[in-house]
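According to this note's numbering, the stretch in the sequence shown is residues 1 to 148, in order.
One should not assume that every hint holds.
Here are the computed distance ranges between Cβ atoms for each label pair [stated by the list, open to error]:
(1) G117 to N12: 23 to 33 Å
(2) T104 to T63: 33 to 43 Å
(3) G124 to A147: 31 to 41 Å
(4) G103 to A74: 33 to 43 Å
(5) T83 to N12: 29 to 39 Å
(6) T104 to D58: 24 to 34 Å
(7) K30 to R108: 11 to 21 Å
(8) A2 to A136: 33 to 43 Å
Read the hints as simulated data drawn from the structure, not as lab findings.
Glycine included, every Cβ here is placed at the ideal spot set by N, Cα and C.
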Amino acid sequence: MAGQFEATAEINRPVEDVFAFLAAGTNDPKFSPRVQEITKTPEGPTAVGTVFTSTVKDAGMKTGRTFRITEFDAPHRIRWAETSKNVVMAEEGGYDVESTGPGTTKVRIFNVLEGHGVGKLLVGFALSAARKDAPAFGQRIKAAVEAS
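Full structure from sequences and hints, please.
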């Protein structure tokens, strides 16, 4: 079973600032307590093909995650795919960023989670937890961007 979760937030910053914060990719630990560390390859601006490698902690277990940027349309759209092999993976995900007025921006983040092997049994629990946390996740993104 695969499924999607998403979160939205209205952020009191211009669309270009919000997009730049999210596109940096290395800001994830500021709003996702799962992300312990994250690096970007190659250095420089994020673009299609940029790879982010992170260590995350889920249910008390640390795993390595690798994501490749598959679409990059500044300042409105970023898409990624997880290339690491984990029991539950984000097969695809992304940000949609749109201006909602002078100095305000709406952000939507989503991930499509899929289970592999024993992960087929766990993906439902992962989706349930992600969907339950989605409103708070959106608010953590808002707080992190507004604090930057």
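We went through each hint and held it up to the structure:
| no. | hint | in the structure |
| --- | --- | --- |
| 1 | G117 to N12: 23 to 33 Å | violated, 43 Å |
| 2 | T104 to T63: 33 to 43 Å | holds, 36 Å |
| 3 | G124 to A147: 31 to 41 Å | holds, 34 Å |
| 4 | G103 to A74: 33 to 43 Å | violated, 18 Å |
| 5 | T83 to N12: 29 to 39 Å | holds, 34 Å |
| 6 | T104 to D58: 24 to 34 Å | holds, 33 Å |
| 7 | K30 to R108: 11 to 21 Å | holds, 18 Å |
| 8 | A2 to A136: 33 to 43 Å | violated, 23 Å |
Checked against the numbered hints given earlier, the structure breaks hints 1, 4, 8 and satisfies all the rest.
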